[in-house]
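As they're listed, the protein sequences go chains A, B, C and D.
By my numbering, the letter at position 27 of the first sequence is numbered 27, and the numbering carries on one by one without gaps.
Add 1000 to a position in the second sequence, counting from 1, and you land on the number used in my numbering.
Add 2000 to a position in the third sequence, counting from 1, and you land on the number used in my numbering.
Add 3000 to a position in the fourth sequence, counting from 1, and you land on the number used in my numbering.
Worth flagging that the hints you see were computed from the coordinates, not collected in a lab.
Every residue, glycine too, gets a C-beta built ideally from N, C-alpha and C.
Check each hint, because a few of them may be wrong.
Stated by the list, open to error - Pairwise CB distance ranges, derived in the manner of DEER restraints: (1) Q1108(B) <-> P2022(C): 51 to 59 angstroms; (2) V3197(D) <-> Q1108(B): 40 to 48 angstroms; (3) Q1108(B) <-> E2326(C): 44 to 52 angstroms; (4) A1311(B) <-> E2313(C): 19 to 27 angstroms; (5) R1225(B) <-> Y3188(D): 45 to 53 angstroms; (6) D1139(B) <-> R3163(D): 27 to 35 angstroms; (7) H277(A) <-> E3033(D): 36 to 44 angstroms.
Claimed, not checked - Some chain C residues judged to face chain A by a derived CB distance under 7 angstroms, without partners named: (8) M2072; (9) Q2093; (10) S2105; (11) G2107.
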Amino acid sequence: MAKAASNTEAYLRMYTQMVRIRTFEDNANQLYLSAKMPGLTHMYSGEEAVAVGICEALTDEDRITSTHRGHGHCVAKGAEFKAMFCELLGKAEGYCRGKGGSMHIADQSHGNLGANAIVGGSMGIATGSALRAKLQGSDDVTVCFFGDGATAQGLMYEVMNMAALWKLPVIYACENNGYSEYTRTEEIAAGSITARAEAFGIEAHQVDGQDVLAVNDLTRKLVARARKGEGPFFIELMTYRYHGHHVGDINREYYRSKAEEKEWKDNRDPIIRFRAHLVSEGIASEEELDALNAEIEKDATDAVAYALEAAYPDASEVNMHVYAA
Amino acid sequence: MAKAASNTEAYLRMYTQMVRIRTFEDNANQLYLSAKMPGLTHMYSGEEAVAVGICEALTDEDRITSTHRGHGHCVAKGAEFKAMFCELLGKAEGYCRGKGGSMHIADQSHGNLGANAIVGGSMGIATGSALRAKLQGSDDVTVCFFGDGATAQGLMYEVMNMAALWKLPVIYACENNGYSEYTRTEEIAAGSITARAEAFGIEAHQVDGQDVLAVNDLTRKLVARARKGEGPFFIELMTYRYHGHHVGDINREYYRSKAEEKEWKDNRDPIIRFRAHLVSEGIASEEELDALNAEIEKDATDAVAYALEAAYPDASEVNMHVYAA
Amino acid sequence: MREITLSQAVNEAIAEEMRRDPTVFLIGEDVAEAGTPFKVLSGLVEEFGTDRVIDTPISEPGFMGMAVGAAMTGARPIVDLMFGDFIFLIMDQLCNQAAKTHYMSGGKLTVPLVLRTNLGATRRSAAQHSQSLQALVAHIPGLKVAMPSSAYEAKGLMKTAIRDNNPVVIFEDKLMYQDKAPVPEEEYLIPFGQAHVKREGRDITLIGTSSMVQVAEKAAEMLALEGISAEVIDPRTIVPLDEKTLIESVKKTSRALVIDEGHRSYGVTAEIASRLNEKAFYHLDAPVLRMGAMDVPVPFSPALEDLTVPTPEQVAANAGRLCAGELIHAA
Amino acid sequence: MREITLSQAVNEAIAEEMRRDPTVFLIGEDVAEAGTPFKVLSGLVEEFGTDRVIDTPISEPGFMGMAVGAAMTGARPIVDLMFGDFIFLIMDQLCNQAAKTHYMSGGKLTVPLVLRTNLGATRRSAAQHSQSLQALVAHIPGLKVAMPSSAYEAKGLMKTAIRDNNPVVIFEDKLMYQDKAPVPEEEYLIPFGQAHVKREGRDITLIGTSSMVQVAEKAAEMLALEGISAEVIDPRTIVPLDEKTLIESVKKTSRALVIDEGHRSYGVTAEIASRLNEKAFYHLDAPVLRMGAMDVPVPFSPALEDLTVPTPEQVAANAGRLCAGELIHAA
Ligand SMILES: Cc1ncc(C[n+]2csc(CCOP(=O)(O)OP(=O)(O)O)c2C)c(N)n1
Ligand SMILES: Cc1ncc(C[n+]2csc(CCOP(=O)(O)OP(=O)(O)O)c2C)c(N)n1
Ligand SMILES: [Mg+2]
Ligand SMILES: [Mg+2]
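In isolation and in its complexed conformation, chain A is listed as follows (with noise of 0.2 angstroms):
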């Protein structure tokens, strides 16, 4: 079972889709430092293996909620460039009309509940999305993502002890990258943040985030389990944000340095370690991946340049879908 994706084909798509969300968090940022980009937004690159072991554990008819920091969840969970670009460019053709952007962005055919600008504002829509699972006997998993910061907010307290009393299907993935905005997780997180799980009696799991394999193995093994009545589970992922805050967060070493971040980045960036594996165990060879890269490079760049040229939606679309038929 912990086996099932320990394939060739399997690993691949894992490691395309690491690449995918670095290359479209590239060119965000591009489009962000050329000023083609309306507002700000925050980048993923640096914590792919999290959004990626956990995604490939799920399937369409699995529901996720993302955060602020969104992008990485929403390719994960199987969305389209094109689309995506043209959300973040507010364009009609994007996957809310424009009207969502970065920070709302969802994707209701993959299960992608949306992204959200409250800080923990998600935790109850997941909770209550593995409450409708149960109540309807259908056997799907939510997982809620969130980040180290977000443990401060009394929302997931709540919804802890309600999908422990209830035994809901649902896993609550914390992305501890080790810093909410610009200040360091020590200085805003007293205690132990797995334990504060478990003293709701919710079985918690510290995991190496930059491990798409160990992320993967883990989630397939609590999804299962949760598909079975045997949620809630909480995950630790230990990880990292390579750019700052969002990517108007240049000059930021007076809370963390440069050597702090070159040391991620080169001793252990998720996708670097996961093709290092890939080729060492002859799964692919530099050249098959460097394909792989250029045809996702393009992809993007076809995207991109699509979403430019696309429309916005029509001035008549400003009062339209305040209220549902």
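Here the structure of chain A is known, so what remains is to put chains B, C and D with the ligands in place on it, guided by the hints.
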């Protein structure tokens, strides 16, 4: 140190205060039953050792925050019957000029920052009082009273986190009386309540809330340590409310049995237990204690009579105190 | 026609809709065996079981958020919020999440949920259990807001709310739970955005919401004795608001008094009065007056609390002065 | 006179008051070293230390509640709420606790605190980071609400707020942080409840709040070119509201247009318009019109977002039509 209160005077004061609470509540209930009380009120009877054991470890400089079930805290922190009954009857001589009533009674002169009708609503206030103490270099301690039901409010985890991070002189006192309204604690609290505090790095204790000496001993130790900057602390006090959730909750066998109530009243009553201890230790005779009880009873009867005759606030007060000058 | 209480009406509406649609469920504190402190939901857990009548811990933001997630994924939750005052606790989930999801997703996600809660003072419950906070939610696009004024409206609006594909907030008057009114045995729904002319009149239009409809009706009776013919209108939903009916009435009577139990300033009456002023200005013989709860936290003392809410006497007095052409400013 | 930005003005006001009164402290997310994401508080931690400029976890209800407790026991906290939209998270602590404590305690406890936050759309921040929620807090008795329209007001109102013995909510326009205005070197305070006539005029009164004051001023310039003389008034605080100045102006001009960046329905403009209608009715030549943000969640797309907020052109057009005697209904 832990023995500082183990003298006749302190013991008799604790006994007196417990009897005063019980007597206050009996009279308040009587006012309700005779239709002289506006609205509903929540009886503290059965939980006296909690409020008294804790408040006897505090000075007037120390602050408490109280709950909807707040008469016990109010009496224990030093309030007078007259102004309390006046408040419960909405009279101008009440602690809050009749504007607060039972659920908002406050007694600033003794450091009672007030009852609160929002379950968990005072957790921030208590923690903020402790923050103020720390910032101003004052050595007072704040005790936050709340019920087992209130542990479901996310606010608690938010403020415990900050209290732990900043080592604030606050003691969280969870009065676990087995029920929140008409629901048993097991049905609404997953895992362990003390473990939740511990997960934030907060030292937590569970204590028999029907044993006033145990409560007082523990609290005195923790208060002394909190004054030295070793806080925060968490105490779970196992206790029981004798009445319904509020005075109107009469037929309650659908959620708890008469046998269970009888068991607590007959075998675990904090006043009966402590009285037996006082007599067996030779601290007071039955006669002396009876005399004390009678005095308290008279005090209450007088206060009720006074309050019933007292004047309502003048109509002109209705829009006074909306804003402070 | 049989008469039932407002409490029974709500109970019936929910039971009928739960029978009709298996995706409807109830969630809140002490909703199951206890049937809420007001006993409005008594009996439902016996029929529908604890899977569909769910007792929660005291975690209002938590279960409100969960309702949003359940609604987004195919269920129709009815959230029971024990006191309207607790709406402050769930504003983020209600206003940042539920209200905006359909729009932010470009119309792809829907959040069909009902938040039922209450309003109303003079119950000696003091400042944190007596507020009438409808103005706050009415200000947030994406929410609909219903304010039933009797058992009849309570049933019909609740059924419509449950079938609506948007988040709907229903405020019941907690003082009215035991009040009876004729309610048909047959099924009926009351469409949103359709005001009800409770009483026809010529001289002045009294527009009341929820608890204030009764107050307006009593005032109209008093005014009739003085020879003043008052029209009484209940908007029934304040979002959407049936402007048309209100405006037509005011064009006919030339005078209006709007009454709502929320605080007067920055409250519901301001919006209604403003729309009447904007759209019936040239028909008005006098300024549109507003009455609401005093701008004070609700005091506990009975001697003070009763002063804070408009009474039929005060409404009649103000209406009388308006009709007499006195330029008055209702306090 | 020297010119400084609104951001610097707020910073100066807080620094001056922190020097003057050791019980004043700042609390919020990333207020210390980062000086907030908008950099408004830069430098304060260097002067006052981390004891008085306190970085919190992302726990808005928590630190808001703590500010209430600190205020009740002798401190004067300034709470920094990063985006006005997060006010939904702290409504309970703000409205059920801070606002009511003085009243509920019969005047014995006071809660002197300042909540500084912001408003304003068109920053491409989408529906949860763009709201202007002043109407909600203005409805709650016990709170005061200030809405500075320039660096000058931002400084003077902030200093008054810090010295006030009540909870005060200040909404800064986040689009205006870099806008400069003349600000005296000498100390000054701006009293609450005192509107400012920014521009005198005869034909129509334009009442704008915060961001909409500039919009009204620009509209007034456009109107001047058409020969219409517009008076522009900034109420500066909406609670307390300087009715007198507004009413006097309207009695003079006979026409008014009220503009606020909150959603139009059940918003701030409804209250102001209602009071003008009530108290200046017989002086009005036309209905008081209102303009606000559209009643839609703020869309992300620039193509849509810019449509949601009133512009000087729209204000001028509506004012022009009002003056021309056209019966219009501003959307
Ligand atoms: C309720 C709320 N408070 C504050 C913010 C501002 N904010 C946006 S992201 C962020 C930090 C979040 O940190 P974390 O949860 O660790 O996620 P990360 O950005 O590290 O992925 C903050 C404070 C917000 N969006 N919502
Ligand atoms: C926020 C909020 N939710 C619900 C209520 C209604 N309510 C009042 S007391 C109570 C139960 C509280 O239980 P607990 O904290 O255990 O205190 P106890 O009554 O047992 O002393 C509830 C649900 C409330 N007052 N405030
Ligand atoms: Mg983080
Ligand atoms: Mg309890």
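Outcome of the hint check:
no.: 1; hint: Q1108(B) <-> P2022(C): 51 to 59 angstroms; result: 54 angstroms, holds
no.: 2; hint: V3197(D) <-> Q1108(B): 40 to 48 angstroms; result: 43 angstroms, holds
no.: 3; hint: Q1108(B) <-> E2326(C): 44 to 52 angstroms; result: 45 angstroms, holds
no.: 4; hint: A1311(B) <-> E2313(C): 19 to 27 angstroms; result: 24 angstroms, holds
no.: 5; hint: R1225(B) <-> Y3188(D): 45 to 53 angstroms; result: 48 angstroms, holds
no.: 6; hint: D1139(B) <-> R3163(D): 27 to 35 angstroms; result: 28 angstroms, holds
no.: 7; hint: H277(A) <-> E3033(D): 36 to 44 angstroms; result: 39 angstroms, holds
no.: 8; hint: M2072; result: 6 angstroms, holds
no.: 9; hint: Q2093; result: 6 angstroms, holds
no.: 10; hint: S2105; result: 5 angstroms, holds
no.: 11; hint: G2107; result: 4 angstroms, holds
Comparing the model with each earlier hint shows no violations; every hint is respected.
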